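Construct the complete structure from the given sequences, taking the supplied hints into account.
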Amino acid sequence: MVANMSEATRSDGGPADALAAVVALRRLADQLENTAVEQAMRSGWSWPDVAEALGVTRQAVHKKHAKRLAAAGVALRRR
Amino acid sequence: MAFDKYLKMILDRAAHEATADGATTVEAEHLLLAMAEQSETDVGRFLAGLGLGHVALRTALDRESEQALNSVGVSLDAAAQRRKPDSSSLAGQLGNSVRHALERGLDGLHGAPRPGHLLLGVLQAEVGRVPRALALAGIDRAALIGQVRHALLG
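Going line by line, the protein sequences match chains D and L.
Under the working numbering, the first residue of the first sequence is numbered 1, with each subsequent residue one higher.
Under the working numbering, the first residue of the second sequence is numbered 80, with each subsequent residue one higher.
Just so you know, the hints here were simulated from the structure itself, not pulled from any lab data.
Predicted model only: the values in this text are computed from it and were never measured.
Careful: at least some of the hints might be erroneous.
[Unchecked claim] Below 30 angstroms or equal to it, Euclidean Cα-Cα: the simulated DSBU-like pairs (lysine-lysine) are: (1) L/Lys87 x D/Lys63; (2) D/Lys64 x L/Lys87; (3) D/Lys67 x L/Lys84; (4) L/Lys87 x D/Lys67.
[Stated by the list, open to error] Pair ranges (Cβ atoms, derived): (5) D/Ala75 x L/Gly130: 53 to 61 angstroms; (6) L/His189 x D/Ser46: 44 to 52 angstroms; (7) L/Arg228 x D/Ser46: 32 to 40 angstroms; (8) L/Arg161 x D/Gly55: 23 to 31 angstroms; (9) L/Asp121 x D/Val22: 45 to 53 angstroms; (10) D/Gly55 x L/Ala222: 30 to 38 angstroms; (11) L/Leu185 x D/Gln39: 38 to 46 angstroms.
We put the beta carbon where it would ideally sit given N, CA and C, even for glycine.
Here you go:
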């Protein structure tokens with residue numbers, strides 16, 4: 001519970017703004033990743049190359065994006 | 080409408096809202112957008128009557144994102160970041176803000192839950208995107224909660 005609830009939604013560069021910025025940056029990073037991975041796969045990148053560029057395992061990137069990209073009609077290379 | 084049917088409808092719709100947002104989890108703001116989007120329901124009509132329809136809420140949430148990012152020096156057109164969700168890859172996992180909203184809205188009820196209780200649970204959050212977006216839109220959240228109790232749960 002926030003001690004002073006008016007602080008919880010106040011937009012003055014305090015903790016509420018800083019915490020909201022963290023959430024917004026995470027969401028922005030997810031949006032950028034979705035777009036970047038789709039661009040890479042449409043350009044013929046392999047799953048291992050995309051995974052290495054993102055600093056994650058190829059299993060992780062495949063699990064996160066393969067279904068979405070297939071649904072979007074992206075021709076996916078074998079892992 | 081029976082509450083379980085309403086909840087399922089809102090959760091399904093909220094998954095589309097989350098996916099359009101680029102979010103990996105469904106959060107409380109996506110429930111609120113979904114409730115507003117269902118304009119033929121009592122809750123949807125109530126929100127629209129207060130000027131809190133889907134477009135107005137989406138605009139308020141975009142402002143919240145832009146303002147939060149501006150506070151750390153990032154400039155963004157939030158609306159331009161949204162994408163058209165495809166139904167085969169919707170965000171499916173419920174975030175903690177949804178669990179908290181359900182707990183706040185439903186825990187301790189003596190009677191059967193109603194759609195208004197879900198809205199109440201979302202609006203009663205003291206922190207997070209929903210109260211920040213409503214504050215930025217100039218909405219008196221305490222008064223709004225009172226109106227929900229009176230109009231939908233009275």
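Structure-based check of all given hints:
With a CA separation close to 26 angstroms, the supplied pair L/Lys87 and D/Lys63 stays within the 30 angstroms bound. Under the criterion of a C-alpha separation no larger than 30 angstroms, the hint pairing D/Lys64 with L/Lys87 is consistent with the structure, at around 24 angstroms. Distance restraint check for D/Lys67 and L/Lys84: the Cα-Cα separation of roughly 28 angstroms lies within the 30 angstroms cut-off, and the hinted pair is therefore satisfied. The hinted pair formed by L/Lys87 and D/Lys67 meets the criterion: a straight-line CA distance of about 23 angstroms does not exceed 30 angstroms.
Taking the beta carbon of each, D/Ala75 and L/Gly130 are about 46 angstroms apart, not inside 53 to 61 angstroms as hinted. Between L/His189 and D/Ser46 the Cβ separation comes to about 59 angstroms, which falls outside the hinted range of 44 to 52 angstroms. Distance hint check for L/Arg228 and D/Ser46: the Cβ-Cβ separation is about 57 angstroms, which falls outside the suggested range of 32 to 40 angstroms. Range check, L/Arg161 to D/Gly55: Cβ separation about 26 angstroms, and the 23 to 31 angstroms hint holds.
Hint check: L/Asp121 to D/Val22, Cβ distance near 36 angstroms, so the stated range 45 to 53 angstroms is violated. Here the CB-CB span from D/Gly55 to L/Ala222 is close to 47 angstroms, at odds with the stated 30 to 38 angstroms. Checking the proposed 38 to 46 angstroms range against L/Leu185 and D/Gln39 shows it holds: the Cβ atoms sit about 43 angstroms from each other.
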